[in-house]
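Chain residues, written in single-letter form:
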Amino acid sequence: KNEVEQSPQNLTAQEGEFITINCSYSVGISALHWLQQHPGGGIVSLFMLSSGKKKHGRLIATINIQEKHSSLHITASHPRDSAVYICAVNAFPFGNEKLTFGTGTRLTIIP
Amino acid sequence: SQTIHQWPATLVQPVGSPLSLECTVEGTSNPNLYWYRQAAGRGLQLLFYSVGIGQISSEVPQNLSASRPQDRQFILSSKKLLLSDSGFYLCAYDRELNYGYTFGSGTRLTVV
Chain A
1 KNEVEQSPQN LTAQEGEFIT INCSYSVGIS ALHWLQQHPG GGIVSLFMLS SGKKKHGRLI
61 ATINIQEKHS SLHITASHPR DSAVYICAVN AFPFGNEKLT FGTGTRLTII P
Chain B
1 SQTIHQWPAT LVQPVGSPLS LECTVEGTSN PNLYWYRQAA GRGLQLLFYS VGIGQISSEV
61 PQNLSASRPQ DRQFILSSKK LLLSDSGFYL CAYDRELNYG YTFGSGTRLT VV
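Protein chains in written order, with our numbering: chain A, 1 to 111; chain B, 1 to 112.
Some hints could be false.
As the list claims (entries may be wrong) - Capping the alpha-carbon separation at 30 Å, the derived lysine-lysine pairs in DSS-like fashion look like this:
no. : chain 1 : residue 1 : chain 2 : residue 2
1   : B       : K79       : A       : K98
2   : A       : K55       : A       : K98
3   : A       : K54       : A       : K68
4   : A       : K98       : B       : K80
5   : A       : K53       : A       : K98
6   : A       : K98       : A       : K54
Quick caveat, the hints were computed from the structure, so don't treat them as lab data.
With these hints in hand, go ahead and build the complete structure from the sequences.
If you want it as structure tokens, here you go:
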């Protein structure tokens, strides 16, 4: 069983829909990251969380440390949001030198 | 501003040939540097990380090596490439935990 699990693996939605991607982890962490990988392969760091909630534009990320769960929400989704979204954690006893990755969620937004 | 440069963007190399991928960071000092690989259809895998000049930690045994000759330069190398070395290689850095990671644009390596 992977230490970081994401669901769903694939998600197709219509433009404008509210999107939720989930991440569960089984290890103690110091931080959780949401990354976005575009078709060309480049990766952008969206959020780093250790507690609570963060918002950037139409993206919202939440984390529940007790439940070891995080969600990434996209409001008013747009075709340009189509990408692979990856959850990753800094797991104890490691520090920031090691990220443990989920397998990603492929999001496709249809116009 | 802080930026990270990685080159080349794509590379096709024959089996048995050497490899050198370079990554440089600008606008920050003493970053932690990382090399990741993403095989086709797979997730990201940490290959090497470095917390300082000449300090390299390897995560998995493999046909690759890494070096950090300068504070903001990280090089991924191989003496003889294998077919299984094909993949998408990403360099990344972070200054400290609270600032998150910044990734390079990646190198798509095909070993033929």
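Going down the list of hints, with the structure as the test:
1. Between K79/B and K98/A the alpha-carbon distance is near 26 Å, which keeps this suggested pair within the 30 Å criterion.
2. Distance restraint check for K55/A and K98/A: the Cα-Cα separation of roughly 25 Å lies within the 30 Å cut-off, and the hinted pair is therefore satisfied.
3. Restraint check: the Cα-Cα separation between K54/A and K68/A comes to about 17 Å, which is no more than 30 Å; the hinted pair holds.
4. For a cut-off of 30 Å, the pair hint linking K98/A to K80/B stands: about 27 Å separates their Cα positions.
5. Taking the CA atoms of K53/A and K98/A, the gap is about 23 Å. The hint holds against a cut of 30 Å.
6. Among the hinted pairs, K98/A with K54/A is consistent with the structure: their alpha-carbon atoms are about 23 Å apart, no more than 30 Å.
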